Amino acid sequence: MIRSHRSSALLVAAAALATSAALAQSATTIAFLLPETATSSRYATQDLPDFLAAMKKLDPSAKIITQNAQGSATTQQQQAEAAITNGAKVLVIDPVDSKAAAAIVDQANRNGIKVISYDRLILDAKVDYYVSFNNVRVGQLQGQFIADHTPKGGTIVMINGSPTDNNAVLFRRGALDVLGPLFKNGTFKLGYTIMTPGWLPSNGLTEMEQALTKLNNHVSSVLSANDGLAGAIIQALKAQGLAGKVPVTGQDATNAGLRRILQGTQSMTVYKAIPLEAKAAAQLAYDLATGQTIPKGFVNGTTNNGLIRVPSVLLTPLVVTKANMASTVIADHFTTWAKVCAGLPAGMCPGK
Amino acid sequence: MDEPKVVSRERSPELSSMAARLRSGDLGLLPVFVGLVIIWAIFQVADPVFLTPRNLSNLILQIAVIGMLGIGETLVLLLGEIDLSVAALSGVAGAMLVILSISLHFDAWVTILGVLLVTTLLGWVQGLWISLIGVPAFIVTLAGWLAFQGLTLALIGQQGTVIILSNTLLAIATIYLPRAVGWLLGALLVALLVWLDLRTRRLRARYGLSLPSSRQSLARIVAIAVITALVVATLNAYKGIPLVGLLLMIAVGAFAFITGSTPFGRKIYALGGNQEAARRAGLNVAWIRVWVFTISGFMAGIGGIIYASRLGAASPAAGSGNLLLDSIATAVIGGTSLFGGRGSVFNALAGALVIGSVENGMDLLSVPSSTRYLVQGGILLLAVTVDTLSRQRRRSAGRA
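The listed protein sequences correspond, in order, to chains A and B. When we follow our numbering, the leftmost residue of the first sequence carries the number 1, and every step to the right adds one. When we follow our numbering, the leftmost residue of the second sequence carries the number 353, and every step to the right adds one.
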């Protein structure tokens with residue numbers, strides 16, 4: 001996840017929601033520990049049902065302990081301890097805090113319990129596996145899109161994510177994998193590049209206003225790290241009458257971003273199919289709990305977490321444009337036409 | 353005056369009074385203007401685009417939110433209190449705007465009124481808590497900061513970023529005044545100043561007080577007229593005066609008048625200068641506090657509406673990040689004392705210009721965040737150091 005969760009961490013931790021789904025008394029017990037619901041609804045509305053559905057297919061009798069830490073790293077630690085006490089053989093953790101969760105991993109290791117780091121990487125700990133999207137690939141997709149949609153000799157603006165977010169650094173690296181050589185050989189000009197503190201759209205707006213002022217509106221395309229920033233960038237472009245004329249990238253397939261794609265002001269968004277991610281985590285957890293060998297090729301990389309190179313299942317994100325919206329985010333029930341199109345004229349919305 | 357006279361800052365009419373004031377440590381807006389000139393000079397050298405009409409127009413748009421929040425914060429600081437909830441409250445304003453305008457389909461004007469009502473009410477509740485129960489403002493507004501973030505999440509947390517559809521709401525931060533209207537407003541401002549000056553003279557003459565020298569008054573009015581003409585000409589050279597710029601000026605003017613020329617304003621200074629003295633003089637201390645925090649809530653609402661209008665969207669992230677610190681810094685860098693009783697609403701505008709200029713210039717140069725934070729920290733420290741040193745001077749000059 002790439003949004004800032006600081007604000008929710010500050011909330012006085014509400015009583016943690018416990019939805020223990022004891023399907024049957026069975027040897028296979030797996031814990032699925034989620035970070036929060038406040039700033040991102042995906043954990044409750046996507047990850048959890050997708051994971052449960054996948055587990056049900058693998059073993060209808062497996063016992064799944066599911067918890068949500070509501071943004072508190074302490075609560076998450078307590079939930080992990082409870083899961084271990086309740087006989088969990090595998091912990092699938094989406095950490096509230098990438099570093100604090102290392103303590104959970106240490107405790108699990110001492111008890112011989114396997115740990116899968118889900119979506120966000122747990123740092124500085126002996127994690128068994130990591131399941132996530134390939135963040136460098138996200139940046140590459142954005143970079144490639146910009147390379148394909150910028151006229152030769154064009155000037156590119158890069159509005160990147162937060163300098164304090166490791167994912168943002170990876171997105172930027174991926175984008176530069178593609179664009180770096182093209183800047184060097186003069187195919188494109190890098191007019192302006194900046195990292196946006198806190199991923200805040202309000203910061204992105206000022207940055208884009210200043211980029212346009214500096215370049216006197218000579219901007220051919222804008223690489224925006226996510227949809228939130230893209231919204232702000234498009235506001236700045238609109239003020240100069242450039243919205244819809246300059247390609248703008250995005251990420252997260254948010255409703256606001258998808259709507260702008262239908263309106264023609266945003267060009268694409270990078271979609272990370274949560275059902276695939278949840279399914280991969282379920283498969284891996286099941287195999288570990290039952291002692292089965294992991295199928296060859298399932299683990300397709302390693303990720304350095306500061307202590308070890310964690311064997312990783314890295315899923316490929318998808319580029320969503322107007323053309324494939326129906327077959328991706330809508331078909332996956334990631335969102336609905338009603339949510340994307342709210343307030344749009346009927347002619348603009350293919351789903352109506 | 354039927355008010356107990358608690359602020360007695362009789363100014364001598366001689367021109368040398370200004371020099372005397374400066375010597376005794378009453379620096380007023382001087383340090384911040386010197387700072388602003390230095391900042392502008394540095395950025396202009398670094399990038400000649402900085403002082404173009406277009407970029408100065410950007411600057412106005414960019415300081416609107418912190419300016420509005422900074423005005424509310426200035427009033428609170430004048431009391432010797434602090435309001436840590438302003439930024440989070442502006443986030444609530446954004447969330448309410450979404451609820452009223454998008455979910456409940458209210459008209460733009462009803463939405464604006466509703467948003468302001470809610471934030472003003474929340475400010476009022478904080479004021480009551482501070483005044484009647486006696487919990488320190490720091491704690492009440494810290495709790496408010498947390499609770500208001502929670503409220504924002506509860507209101508629109510599930511929806512993420514919501515796009516604003518109302519053209520009226522979007523227009524607030526995106527339209528510019530016609531050029532002729534800009535000139536007209538500039539002329540009106542100067543006429544207003546002349547009228548105010550004449551009014552002061554008349555009143556002072558009636559009470560038998562010494563009159564300020566007419567040369568000094570004339571010089572002041574001419575200086576302001578020249579600056580006004582420069583500002584209008586510059587902004588007209590781009591697209592005209594941004595509407596939010598006008599709103600900010602109206603807010604500064606209105607609160608400058610309220611704090612400077614009404615009994616209520618004098619009471620704020622009196623209370624901030626010496627609470628016990630103010631209480632013994634018979635001021636209704638609780639009532640003044642409640643009002644000031646209510647105003648701060650109102651200004652947070654205005655700031656939140658402009659914030660949402662500028663982004664064309666509201667999100668749970670609105671009001672987070674540096675906004676709170678920027679709002680407090682706006683007041684403090686402008687020269688409003690953290691110790692209460694000294695400062696003015698004009699200082700908030702000056703402070704917003706300093707902070708806005710630094711951010712604007714560093715974004716223009718795409719300076720990395722590391723440098724950005726270092727520079728902002730340095731400026732804040734420098735500003736408060738100047739305030740503290742001048743305070744010591746004032747004390748030794750018997751003006752503290």
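FYI, nobody ran anything at the bench for these hints, they're computed from the structure. Treat the hints loosely; a few may be bogus.
Stated by the list, open to error - Where chain B lies over chain A, by a calculated footprint (3+ residues, C-beta under 8 Å):
| hint | stretch |
| --- | --- |
| 1 | 177 to 188 |
| 2 | 248 to 258 |
Unchecked claim - Distance condition first, Cα-Cα at most 30 Å in a straight line; then the derived BS3-like pairs of lysine-lysine:
| hint | chain 1 | residue 1 | chain 2 | residue 2 |
| --- | --- | --- | --- | --- |
| 3 | A | 152 | A | 114 |
| 4 | B | 591 | A | 296 |
| 5 | A | 114 | B | 591 |
| 6 | A | 238 | A | 322 |
| 7 | A | 56 | A | 152 |
| 8 | A | 152 | A | 238 |
| 9 | A | 279 | A | 238 |
| 10 | B | 591 | A | 322 |
| 11 | A | 339 | A | 56 |
As the list claims (entries may be wrong) - Far from chain B by the CB rule (all over 10 Å, computed), these chain A residues:
| hint | residue |
| --- | --- |
| 12 | 192 |
| 13 | 213 |
| 14 | 234 |
| 15 | 283 |
| 16 | 324 |
Since this is a predicted model, take the numbers as computed values, not measurements. Glycine included, C-beta positions come from ideal geometry on N, C-alpha and C.
Quick rundown of the hints versus the structure:
1. 177 to 188: violated (count 0)
2. 248 to 258: holds (count 3)
3. A:152 <-> A:114: Violated, at roughly 51 Å.
4. B:591 <-> A:296: Violated, at about 63 Å.
5. A:114 <-> B:591: Judged against 30 Å, a Cα distance of about 63 Å means the pair is violated.
6. A:238 <-> A:322: It holds: about 20 Å lies between the C-alpha atoms, which stays within 30 Å.
7. A:56 <-> A:152: Not satisfied, since the Cα-Cα distance of roughly 52 Å exceeds 30 Å.
8. A:152 <-> A:238: holds (24 Å)
9. A:279 <-> A:238: Status violated; Cα separation ~41 Å.
10. B:591 <-> A:322: Roughly 34 Å between the alpha carbons, so the hint for residue 591 of chain B and residue 322 of chain A is violated.
11. A:339 <-> A:56: Between residue 339 of chain A and residue 56 of chain A the Cα gap is close to 29 Å, so the pair holds against 30 Å.
12. 192: violated (6 Å)
13. 213: violated (5 Å)
14. 234: violated (8 Å)
15. 283: Non-interface label on residue 283 of chain A holds, nearest chain B Cβ at 29 Å vs cutoff 10 Å.
16. 324: Residue 324 of chain A is indeed farther than 10 Å from all Cβ atoms of chain B, at 22 Å.
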